[in-house]
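Working from the sequences, and respecting the hints, build out all of it.
Taken in order, these protein sequences are the chains called A and B. Going by my numbering, the letters in the first sequence line up with residues 1 to 808, in that order. Going by my numbering, the letters in the second sequence line up with residues 1001 to 1155, in that order.
Honestly, I wouldn't trust all of these hints.
For the chain A half of the interface with chain B, some residues (derived, Cβ under 7 Å), not all of them [to be verified]: (1) Gly15; (2) Met198; (3) Arg281; (4) Val737.
Hint data in this document are derived by calculation from the structure and do not stem from the laboratory. A virtual CB, placed ideally from N, CA and C, is assigned to each residue, including glycine.
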Amino acid sequence: MTENLIGGSFPRIDGVEKVTGSATYAADMKLPGMLYARLLTSPHAHATIRGINTEKAKALYGVKAVLTGADLPYRVGLYMVDKPILADGKARYFGEPVAAVAATSEEIAEEAVKLIEVDYEPLEPVLDAKKALEADAPLVHPDLDSYECIRGVFCPKGGTNIANHFRLKKGDAEEAFTRCDKIIENEFYVPQVQHVPMETHTSIAHWRPKGNIEIWTSAQSPFAVRHLLSVALGMSQSMIRVVVPYLGGAFGGKAGIHLEPLVALLSKAAGYRPVRIVATREQEFMTLPCRQGLHARLKTGVNAEGRILSQEIEYIWDAGAYADYGVNIGRASGYSGAGPYEIDNVKMDSLTVYTTKPFGTAYRGFGHVELFWAVESQMDMVAQELKMDPVEFRMKNLLKPGATTITGEEITEYTGSVRKCLEEVAKEIKWGETCGETCGDGGARGRGETAPADAPSDVPSDGRHGSRSEGKVRAKGIAVLHKAPAMPPNTASSAIMKFNEDATVDLLVSGIDYGQGTATSLSQIAAHELKMPFERIHFIWNKDTDFSPYDWQTVASRFTVMGGLSIIKAAEDATRQIKDVAAEALNVKPDALEVKDGVVFVKEDPLLALDYTDVVMGYKFDNGNSIGGPVIGRGSYIAEGLTNLDPETGQGLPALNWTYGAHAVEIEVDTRTGDIEILKLVSAFDVGKVINEDLCRGQVIGGCVQGIGSAIHEQYIYDKAGRLLNPSLTDYKIPTVKDIPHEIMPIFVETPHDKGPFGARGVAEHPMISVPPAIANAIFNGTGVRIKELPLSPERVFLALNPGRSKP
Amino acid sequence: MHLINLTVNAEEVRIEVDDRWTLLYLLREVLALTGTKQGCGKGECGACTVLLAGRPVDSCLVLAREVDGCDIRTIEGEAAGGELSALQQAFIDEGAIQCGFCTPGMIMSARALLMRNPHPTQEEVEEAICGNLCRCTGYIPIVAAILSAARKESS
Ligand code: FES
Ligand code: FES
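This is the structure:
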């Protein structure tokens, strides 16, 4: 069928493989002669490594290779080439790999790891990003100045812990503050959290005697792994093959490069035998990357009418030991760091700061979950100060066509509408009406009406005390959000459509579908553009840099857009080839032809037609003469018109498209325990055009629940020495089925994007953003208590509601 | 090493197992039934759930030598005769799968529930899968899939 290909709901094409257990993930693979690797990790957050003795480990039967930092004179890095493959002379975080073993079984490798002796001299840890900025803070990277990086785009400061300093200046914030009626300043904090994909990082590498490397890995971006590895090892990209099978969740944590270089080098050291590593869950937490922490300070100046005149923003990102994506998050969240508001005067400093903790990387939202915690909490606090309704206050300030963003980009009618998103969620949550039945005695703005008698007295202006009968308070909260894909200005995608003899089509792209459903949406786009039935599109699942066309990376919710545009071009190319051959065969002009359902026919005389099976491998005339040949459609797309940002002012055009959204929640706070129950979560996104509604809904529901994880449950906890105390699923809780809202309602607004395929925009990351502040705003609306640190755990909420008490 | 006999997905298996092997290790690494996943190896995630005598267990916590004489059922046994079960079909139809890594364990927990309780309530479904973590779907479609499969299988 070719009806409703765009906008309908097609079940995901990977469904059968996944429900039968036949989908093959990296850890399900075995190669002949494969060895198993294990890591020795640092027990110190910061220490000099004086020596490592590997003799006993090497002597163990079955051990084929033991490596330490001294064996590996390489550094890897996405933007800042700062990370050794194994700690080199110094351990920079608790959990950092210090040595690695490859052996004939996992048990032997594990045993060998225990036999490695390391002589550490502990150094003072750097555990707080703000303190890391002090003049006498120990340096995490004393050699920062000597590292390679893209200078001009990133600005590290040698002799400090600053990996990057992004600056933005629009108008004159200082002057504008003098004209403000009210100035509100607050600080906020977000701790480090983790992606927690259910599949831990897994890589298999085979260094071949010829000098080439083959890798099967749980990575989001095969071409990025290939590129970064080629740079790190100084070899040609054509010598490296990276294959990505099914991927068990990623969320940004498998973007970039992680265990691949190490297993490749272990394979070489073990005499060219393939080596597999599967990170343990503990290592997933403490050794592999997490999400950066954030200290935020916002100073907002408004006039009496409620317009924001000026804003000063400071973001201090706790990058951990290595910069990885952190420096780019500092930059990307800098240019969108004031939220979707029209503000003429902005001064922003976004600093990415090294500490001796596990390092941060991309995580769904790319900094925006963190910064919107600050922005959207602050906006409610400003509204409160103005005694204005938070929706009304936002409506006065949100971007609309004709406005300019803080980097000087003009908003048009195609940009998308955050206002509409906010309107929709406000309507659906019945903003301004009393909460559900058990709520107190009514009142405006959807505010809960009961406050605990001993709560601090900063109750919302119109809050009234109601019954405390069961110690439960109901209230509503809202928050908005935006995000654009963070990518270099020259980001590219490509697609190949290869016809088979039976006129089915192999669709090759290199973006990875790690659950988002992109493979299905892109197959829909391909079928639609080729005017062929969906069933005839054969999406090639495994990505293989030897065979798949180039793609930059599967990150930033950009793949439906950029992959989709490449596919549209590939389909045009293939259709043109088909028409050219058919035109000659039917003796008409190509533009007299039309295609549909795998048939090419003359528009004026549809009976004059050829089936694709007669065309796509070449057409044979009755006398045997043949024309054409196998049809291969080719399409590529590169982001056009993007610019680097001015290093002083941050002005420029950084983003392909913005996706806007808004959440509204209704919650119940148990004032006796600090527990929060989410009764309803309404989330609207301006996706431009829904390509597959079920898949979009799936992204929203899953993303919202991940947002609830960040909001209520998750955080890294350290002891004073910088040792991670909760590297397990028991001590680091992610939401279970018992922690989800009673109801999640996704709403899709469709303001077409002029450049997206069918007007579509990405929406994979956005649902997670701004869930935490929507909940915190509801807590405030219900209880008058403002919490400025995440997570909103029962303990924190209880203590905030009952100052001076300890948790019952 | 220890010689044990068991049935796995209705097939008889006779095998020497190491004392340290878990049932998960036996299934995945020795019997090549890799549909069962390892998410933690410590009984914290449910990805390795299989049915042991009809009851759901974390196979990473069971020693292989303890399953001597037992009946084991894994995800590979769910599609009888190559035909998807109503439960599997419901997972696809309801959008209960994203990355799919939790899916085999989820389906086995759900299967165990439907075997002992063909008409579960929503609360009972939630109870049955509360030890199975999923980071992708937000659970709502999974609960819907299990309830819908229950309706189909019992009608
Ligand atoms: S692998 Fe068994 S419970 Fe996680
Ligand atoms: S679908 Fe990915 S963990 Fe459940």
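Please flag the earlier hints that this structure goes against, numbers listed from lowest up.
none
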